[in-house]
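In case you want the letters, here they are:
Protein chains: 2
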Amino acid sequence: MAAAAEKPPTMERTTRDMEKLSISAYGKARSTVTGTPLSPDEVQKYTEYFHASLYLCMGMIFLRENPLLREPLMHDHLKKRLLGHWGSDAGQIFIYMHMNRLIKKHDLNSIYISGPGHGAPAVLSQAYLEGTYSEVYPHKSEDVEGMRLFFKEFSFPGGIGSHATPETPGSIHEGGELGYSLSHAFGTVFDNPDLITLCVVGDGEAETGPLATSWHSNKFLNPITDGAVLPVLHLNGYKINNPTVLARISHEELEALFIGYGYTPYFVEGSDVPSMHQAMAHTMDVCINEIRRFQKQARDSGQTFRPRWPMIVLRTPKGWTAPRKVEGHYLEGFWRAHQIPLPQATQDATQLKILEGWMRSYQPDKLWDGNGALRVDLKALAPTGNRRMSANPIANGGLLRKKLNVPDFQQYEVEVKKGGGTIFPSMKNFGRFLRDIIKENPHNFRVFGPDETESNKLGVIYEAAKKAWNADYFEEDADGGNLALEGQVMEILSEHTCEGWLEGYILSGRHGFLNSYEPFIHVIDSMVSQHCKWLEKCLEVDWRVPVASLNILITATVWRQDHNGFTHQDPGFLDVVANKSPEIVRIYLPPDGNCLLSVMDHCFRSSNYVNIVVADKQEHLQYLSMEDAVAHCTKGIGIWDWASKDAGVEPDIVMASCGDVATMESLAATALLRQHIPELRIRFVNVVDLFKLTPRWAHKHGMNDWEWRAIFTEDKPVLFNFHSYPWLIHRLAYKRKGGPLTVRGYKEKGNIDTPLELAIRNGTDRFSLAIDAIDRIASLGNKGAAVRERLLNQRISAVNYAFREGMDPEELTKWVWPFEDGNK
Amino acid sequence: MAAAAEKPPTMERTTRDMEKLSISAYGKARSTVTGTPLSPDEVQKYTEYFHASLYLCMGMIFLRENPLLREPLMHDHLKKRLLGHWGSDAGQIFIYMHMNRLIKKHDLNSIYISGPGHGAPAVLSQAYLEGTYSEVYPHKSEDVEGMRLFFKEFSFPGGIGSHATPETPGSIHEGGELGYSLSHAFGTVFDNPDLITLCVVGDGEAETGPLATSWHSNKFLNPITDGAVLPVLHLNGYKINNPTVLARISHEELEALFIGYGYTPYFVEGSDVPSMHQAMAHTMDVCINEIRRFQKQARDSGQTFRPRWPMIVLRTPKGWTAPRKVEGHYLEGFWRAHQIPLPQATQDATQLKILEGWMRSYQPDKLWDGNGALRVDLKALAPTGNRRMSANPIANGGLLRKKLNVPDFQQYEVEVKKGGGTIFPSMKNFGRFLRDIIKENPHNFRVFGPDETESNKLGVIYEAAKKAWNADYFEEDADGGNLALEGQVMEILSEHTCEGWLEGYILSGRHGFLNSYEPFIHVIDSMVSQHCKWLEKCLEVDWRVPVASLNILITATVWRQDHNGFTHQDPGFLDVVANKSPEIVRIYLPPDGNCLLSVMDHCFRSSNYVNIVVADKQEHLQYLSMEDAVAHCTKGIGIWDWASKDAGVEPDIVMASCGDVATMESLAATALLRQHIPELRIRFVNVVDLFKLTPRWAHKHGMNDWEWRAIFTEDKPVLFNFHSYPWLIHRLAYKRKGGPLTVRGYKEKGNIDTPLELAIRNGTDRFSLAIDAIDRIASLGNKGAAVRERLLNQRISAVNYAFREGMDPEELTKWVWPFEDGNK
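Chains A and B supply the protein sequences, listed in that same order. Residue numbers for the first sequence follow my numbering, so the first one is 39 and each next one is one higher. Residue numbers for the second sequence follow my numbering, so the first one is 39 and each next one is one higher.
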């Protein structure tokens with residue numbers, strides 16, 4: 039460590055017994071490829087740049103005054119509460135600055151993704167040194183006062199966070215939750231052939247499931263049409279309080295693991311700064327050359343292949359360049375370096391002294407001039423303009439976003455002459471619409487899904503684009519496998535990877551769409567939640583330009599799991615999403631095919647939202663003509679006159695529904711009631727846009743109270759049949775005044791069910807709803823009781839029939855649906 | 039394929055050009071180790087047992103009559119709707135029956151975990167052949183009528199599902215959602231030194247993140263005190279509609295991957311049944327011998343080490359033994375074999391004919407006698423009694439569950455003389471309680487967590503047991519690393535793996551506890567949801583004995599993320615859990631340390647629940663003595679007389695709270711109000727048990743309406759301060775009549791916040807609440823307005839102070855908390 043000599047005497051630096059250790063992060067650099075591409079002068083300058091960066095990190099964590107230590111350090115110069123993380127900073131800086139060298143050398147188009155948790159000081163230090171930070175936030179200027187503010191506002195009330203949050207120039211990946219760096223990185227390079235995304239993976243993060251599988255993204259990358267990711271696994275050795283798995287297995291196992299994942303691993307290990315600079319510079323040269331050679335080979339020949347892409351394993355001590363020991367305990371190279379390395383410095387004179395000595399060992403006076411400007415020769419080490427990773431527009435993807443070419447969705451109309459008169463799979467025409475969007479946007483739009491696109495009845499999209507597949511092919515694949523080396527459809531059985539790819543693709547300025555089974559979309563609750571938070575925060579950052587919305591179609595829904603059973607029944611993703619910021623989230627439940635088209639068209643054209651659309655993949659009754667669907671979806675909620683019987687007067691009851699199956703059952707209940715009690719005045723209401731139900735002040739889509747009353751009446755009973763757990767409706771509508779609101783929806787009961795049986799069990803079937811309605815209208819008297827009895831018997835016989843025959847639900851639908859009688 | 043000769047002529051069986059393929063599942067067996075341990079007679083018998091199993095699978099998928107094909111097959115014999123999955127059945131059967139051979143040979147104690155989705159026919163066929171199925175479900179007897187019912191009820195209304203659901207004898211892993219087989223398997227063998235769990239991992243499942251990282255579980259296994267897992271990666275080649283990644287990489291990469299994960303992979307590949315039997319029998323011999331040799335070496339020497347445990351890669355064609363082609367399309371060896379292999383058989387005469395020929399090719403007449411009893415010599419191939427994997431009591435863990443030794447929690451009392459007079463970290467004494475539970479239950483209880491136990495202030499537990507770590511050690515580890523080869527604390531940075539281990543540990547009859555940060559517990563939403571569903575379904579299966587509850591402590595909560603920022607703020611896990619079955623879920627938010635102890639004691643002693651406890655890890659005000667805490671937690675909700683001022687009369691307002699920080703702020707607001715408006719009658723209510731708020735009919739813990747009114751009054755305003763998103767309270771309480779209920783809680787707004795600033799932003803701070811209360815009591819008039827103004831100013835100055843000073847929140851708590859004035 040270059041600066042060791044100047045450290046105060048209380049810092050111990052033991053000689054580590056290399057033999058005793060199976061794997062060491064200490065000593066002169068050891069690397070897979072060796073070379074000394076740097077001149078001694080360059081080594082010196084890189085070391086100084088490294089020190090400048092490290093000094094900034096320490097400043098961010100500790101100081102609120104005296105930024106360049108022009109005065110002796112006093113307790114009052116420190117923040118009262120120390121927050122922030124030191125552990126991975128040195129390693130990340132080291133990687134970043136060596137990429138800078140290659141960017142300058144080859145004029146590379148690159149961005150940096152910071153995987154390790156709390157790596158913000160590293161990234162911020164680079165943005166500040168590159169000048170981007172001061173360009174974006176002029177008060178944090180490149181002078182002493184600017185540096186002071188830059189330090190003070192880090193992890194400070196009203197300031198900035200300890201992750202690479204949206205306020206961080208050059209970031210598309212906050213990293214607050216671990217595990218998504220690599221899938222985000224791959225997302226950025228799809229259809230970005232010139233881009234090389236540098237992705238640092240923390241060894242803590244590497245233990246997460248989503249990260250562990252995302253290494254396989256290389257099987258979905260085409261070296262001709264896509265760019266490249268250069269992953270750097272940073273073996274820091276420790277997490278918060280534990281060793282990391284990958285730092286504690288043999289070199290042989292570690293190397294095998296990455297060969298197994300399909301990479302060529304290059305190791306760079308050690309702590310001696312000058313030799314580490316040489317080793318890293320040479321290794322980066324080799325890796326970037328390899329990437330460029332693979333790309334050239336594929337592009338010149340037009341022959342795609344799957345290269346063994348390079349990746350780097352960088353092993354450095356955690357908290358690298360910190361004192362090795364403080365007060366008898368390991369600091370550098372141990373988990374104690376994870377967060378604040380000298381936590382008592384605010385009160386303890388000895389720690390303050392250590393801190394001062396340590397910070398001065400980076401020699402700030404030599405690095406910045408009297409005004410706090412970085413030395414010109416050091417500044418020259420970084421790229422300029424948009425080549426700076428902190429200023430690359432790809433990391434502010436809205437800047438680059440092109441309008442999606444969306445064909446006129448109305449030409450995919452499902453022909454509907456009469457409400458409820460047709461059975462048709464809504465996905466069929468939507469699939470065609472989606473196919474043509476793919477066709478119109480060959481390098482700007484991709485579809486993602488965990489091996490469910492065909493099952494979700496969207497297979498028609500393969501007419502426009504195949505599934506990207508760059509692993510081995512079997513002869514059977516030609517028999518309708520729909521695989522190709524170049525494709526716009528991305529399918530891997532990992533919801534995490536699909537979502538991560540999509541997020542990376544969108545955040546770097548493109549458009550996309552994810553389709554997934556409803557029961558397992560909970561797998562990515564946390565990811566979607568984090569993306570909502572990212573977007574919410576971007577709204578507050580004025581230089582962030584809106585990106586395309588994240589569009590998720592949830593299908594294979596709870597009511598049509600048929601015999602898949604209880605584990606496939608969970609419509610609760612909506613509850614998770616509904617908790618997120620109303621600025622960001624939109625939830626749509628189109629009741630039929632034309633509504634699905636209209637809603638999806640809207641979603642594809644929108645920006646900065648997370649749009650969740652729920653629609654089942656099976657055959658369903660169709661209700662609205664295209665014209666009616668557009669009108670209905672534009673309003674988001676409406677009275678269906680054709681299904682109502684209230685002739686302009688106040689109804690006896692409002693039958694409301696939200697969701698395709700829920701709507702079918704509710705309509706059927708209405709038909710039953712009309713058949714049995716013709717004099718009953720029923721109003722039928724359908725909700726497409728879920729947030730219509732919430733007050734206007736709570737969500738932009740919300741209805742005013744007078745709108746609510748115009749639809750749901752002042753005092754009449756409302757029987758609401760809902761797709762999901764019933765309480766969500768109460769949660770949205772709890773402020774509303776009006777008649778008594780009864781909601782039916784899914785409740786957890788552990789059984790295998792046919793669709794009708796499942797509905798009956800939950801009270802969401804036509805018979806139960808009709809009975810429910812009768813029970814809510816006191817005036818019906820004896821006639822109501824008689825009808826009630828008849829409906830109860832019908833319900834029993836329907837279920838018995840299903841039990842006996844194990845019928846196809848389509849057949850069941852026809853059997854009990856009184857079309858002709860029930861509709862106008 | 040032994041039965042090929044008898045197949046009808048429409049089935050094509052092409053000769054596969056082996057050279058053209060990079061990797062083939064076809065032909066004579068190829069394997070890493072070769073040997074022929076079976077006699078020709080044994081090969082014949084194993085093939086017949088295999089055929090019997092396959093026949094049963096086909097029967098389950100297709101037949102409802104004519105189970106043994108004693109009559110020519112007719113459309114009427116088939117189910118009207120075909121449901122179920124054929125793809126992985128043959129491979130899974132093959133693995134299972136070869137394990138049987140080793141169980142018999144060595145008298146092994148083993149269970150079988152079926153990872154691939156929809157593998158139920160394979161597992162059910164084995165349970166039926168072993169007789170377990172008929173023992174458990176006597177009407178599905180081992181005769182013709184029993185077989186008919188066994189077939190008919192598979193994937194049929196009112197019948198059983200197409201996963202290894204709780205109704206399946208021998209199953210602890212339904213596999214409805216993919217990714218958890220291996221972590222479940224490892225969970226079963228911790229502290230079960232005699233157990234060898236056979237875990238089949240599907241190659242689709244292997245793409246999921248949770249599965250991809252769970253291979254690293256071997257670094258946490260001790261060969262002396264734990265048992266072993268034998269993983270079999272089943273390379274089926276295809277998922278629903280896509281190839282699988284691991285089946286499409288080179289042998290070299292695949293082998294390297296598993297060496298990298300720390301295993302010794304043994305390959306068995308091919309489709310020729312007789313030679314595959316020899317190869318598999320020999321490979322299993324080698325693997326089981328290796329496991330036993332490693333265990334003996336470690337146990338005899340007392341020296342633990344990390345063996346390169348064996349694992350098997352079995353490559354067979356998807357839908358193995360199906361016709362290779364049907365009507366010109368690949369079936370065997372392609373994704374078309376995934377689900378129903380002949381989907382038109384119900385209507386199409388040709389497919390019916392193919393089906394009949396195919397089923398007869400297994401020669402049912404030779405396998406079962408006239409009464410439908412399996413041939414005695416075939417029956418003899420399976421183990422008997424509890425050695426049958428379908429009858430092993432470990433897979434009905436409640437049978438083996440020992441009572442947890444729980445020390446008297448009252449001895450860990452936090453001394454509280456006066457409500458709100460002490461600041462103390464609630465985790466401190468709970469940690470001691472937990473430490474002593476660990477001590478008292480050395481082989482029966484484990485703590486799981488993603489590297490957060492120390493951060494969650496529970497580090498004292500390491501006094502009783504270390505963290506299990508069986509990878510390399512560094513010298514720094516001795517400096518407070520708390521690692522050991524044998525430990526009861528399990529920490530890996532994968533919430534998925536932690537949760538999977540814990541579920542496996544509990545389901546096999548032990549007790550456990552997971553602690554995790556609140557913001558990232560959403561990572562396992564889907565897993566916890568699936569475990570709830572498993573338990574819910576177990577309630578309906580009379581032979582399933584209750585297991586220990588799944589206890590999750592959520593800490594590092596939203597209100598005390600301090601400067602971690604927006605990504606660390608998400609209290610929404612409760613919404614996900616609250617949707618699950620009320621029979622299963624319990625949610626507790628203890629307001630202080632003694633309540634935490636009382637609640638946790640209850641959770642540890644309970645069974646078959648999923649208990650979620652939310653309590654922050656920082657220092658907090660303490661309110662209740664142990665005696666009061668026990669009384670309060672037993673009721674679950676209560677009026678705190680010491681904090682109230684309503685002297686037995688109806689109050690002007692009810693201040694209610696749920697959650698530790700929420701309670702502090704609400705109490706402080708009450709104190710402010712009493713200070714400023716002494717004549718105000720305030721009732722203070724605290725909720726520990728969240729489901730108290732719901733009606734009794736909706737949850738066993740729910741209050742009756744009269745109880746509700748006794749606490750919340752008939753008509754007085756209620757101002758409820760809640761830990762989580764406010765709508766959850768409305769969702770639980772929407773049926774309640776009473777005064778106007780206002781709920782404050784967390785809402786998504788993207789900023790970095792100090793605790794007080796965050797509270798103010800959400801209206802959950804003391805000042806906002808006091809102002810809120812004033813606004814709700816019309817009678818206060820001008821006096822109220824004056825106090826309101828004063829409180830608004832206090833609020834502004836508190837925030838300004840925080841902004842200026844970046845204060846420690848503890849300090850802030852003291853600064854603004856008017857203890858002395860506010861309490862009786």
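Because the hints were derived from the structure by calculation, they are not lab data. These figures come from a predicted structure and were not determined experimentally. Errors might be hidden in some of the hints.
One copy or two, either will do: identical chains are not told apart, so a pair holds if it fits within one copy or between any two.
[To be verified] PhoX-like, lysine-lysine: derived pairs with alpha carbons at most 20 Å apart: (1) 441 to 417; (2) 334 to 775; (3) 683 to 787; (4) 787 to 738; (5) 787 to 66; (6) 773 to 785; (7) 775 to 754; (8) 738 to 363; (9) 785 to 738; (10) 773 to 754; (11) 466 to 504; (12) 440 to 257; (13) 118 to 142; (14) 190 to 118; (15) 456 to 83.
Could you tell me which of the numbered hints above are not met by this structure, giving the numbers in increasing order?
Hint check: 1, 2, 3, 5, 8, 12, 13 and 15 fail, others pass.
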